[in-house]
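> Sequence:
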Amino acid sequence: MFDAQIRPIIDPALNAQGRFLARLGFTANQVTLIGLALGLVAAGLIVAGATYWALLPLLLSRLADGLDGAVARARGGTDFGGYLDITCDFLFYGAIPFAFVLADPAANGVAGAFLLLSFYFNGTSFLGFSLLADRHGLKTDARGQKALYFSGGLLEGAETIGFLVLLCLVPDAFAALAWIFGSLCFLTAISRIVLAARSFGNRSGN
582 MFDAQIRPII DPALNAQGRF LARLGFTANQ VTLIGLALGL VAAGLIVAGA
632 TYWALLPLLL SRLADGLDGA VARARGGTDF GGYLDITCDF LFYGAIPFAF
682 VLADPAANGV AGAFLLLSFY FNGTSFLGFS LLADRHGLKT DARGQKALYF
732 SGGLLEGAET IGFLVLLCLV PDAFAALAWI FGSLCFLTAI SRIVLAARSF
782 GNRSGN
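First residue of the sequence shown: 582, per our numbering; consecutive thereafter.
Please keep in mind that the hints were generated in silico from the structure rather than gathered at the bench.
Certain hints may be false.
Simulated DEER-style distance windows between Cβ atoms [unchecked claim]:
| id | residue 1 | residue 2 | range |
| --- | --- | --- | --- |
| 1 | 660 | 775 | 25 to 31 Å |
| 2 | 743 | 771 | 17 to 23 Å |
| 3 | 685 | 605 | 40 to 46 Å |
| 4 | 625 | 777 | 33 to 39 Å |
| 5 | 777 | 605 | 37 to 43 Å |
| 6 | 753 | 719 | 42 to 48 Å |
| 7 | 716 | 659 | 17 to 23 Å |
| 8 | 668 | 717 | 21 to 27 Å |
| 9 | 671 | 771 | 18 to 24 Å |
| 10 | 606 | 743 | 31 to 37 Å |
| 11 | 611 | 691 | 35 to 41 Å |
| 12 | 780 | 591 | 26 to 32 Å |
| 13 | 597 | 708 | 27 to 33 Å |
| 14 | 598 | 780 | 33 to 39 Å |
Cβ coordinates follow ideal geometry from the N, Cα and C atoms, glycine included.
All chains, full assembly: derive it from the sequences and hints.
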């Protein structure tokens with residue numbers, strides 16, 4: 582919901598750091614994989630019960646997720662880079678809730694399963710919309726220059742990162758927060774399906 586408003590504020594700093602990393606010899610794919618590794622470290626710390634300590638690698642992981650695109654813009658992006666980026670993002674966003682389930686299966690298992698189901702549904706609606714947008718030649722840079730078409734919604738990257746940070750700060754509230762956020766993910770996916778019907782319902786494939 583807030584990504585389009587945040588991008589003009591953070592992009593100049595990200596682009597400057599991306600150019601610096603590119604001059605050091607880093608590729609966008611390397612930054613993507615570093616970000617994923619940091620995210621998985623955060624998940625491991627959550628499983629171990631060190632949720633406060635998990636905040637640092639978690640936030641650094643999301644910083645890397647912003648920087649990989651900046652490095653790609655500095656060096657020249659590739660289709661595979663965009664594919665790798667979204668794949669690693671989905672793994673990260675699934676790993677954090679899964680880590681909370683592993684940390685306390687009895688308390689978090691059902692809510693965690695519901696949250697992952699909602700991520701699956703929301704992610705599918707996002708990727709499906711991107712596929713149709715690409716097929717029909719739609720373009721947008723409202724959320725930065727992306728390899729995929731990023732459709733808006735009630736919950737986007739900023740809200741999801743804030744949610745994961747909140748989980749680390751109040752881990753005992755995981756179940757309640759997971760039910761709330763998962764429900765909002767379902768609403769986001771349904772709203773995107775409605776948007777797709779309005780945008781593509783009367784169009785045939787190219």
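> All the hints need checking, so say for each whether the structure fits it.
Going through the hints against the structure:
no.: 1; hint: 660 x 775: 25 to 31 Å; verdict: 29 Å, holds
no.: 2; hint: 743 x 771: 17 to 23 Å; verdict: 22 Å, holds
no.: 3; hint: 685 x 605: 40 to 46 Å; verdict: 41 Å, holds
no.: 4; hint: 625 x 777: 33 to 39 Å; verdict: 37 Å, holds
no.: 5; hint: 777 x 605: 37 to 43 Å; verdict: 41 Å, holds
no.: 6; hint: 753 x 719: 42 to 48 Å; verdict: 43 Å, holds
no.: 7; hint: 716 x 659: 17 to 23 Å; verdict: 20 Å, holds
no.: 8; hint: 668 x 717: 21 to 27 Å; verdict: 24 Å, holds
no.: 9; hint: 671 x 771: 18 to 24 Å; verdict: 20 Å, holds
no.: 10; hint: 606 x 743: 31 to 37 Å; verdict: 33 Å, holds
no.: 11; hint: 611 x 691: 35 to 41 Å; verdict: 38 Å, holds
no.: 12; hint: 780 x 591: 26 to 32 Å; verdict: 28 Å, holds
no.: 13; hint: 597 x 708: 27 to 33 Å; verdict: 31 Å, holds
no.: 14; hint: 598 x 780: 33 to 39 Å; verdict: 35 Å, holds
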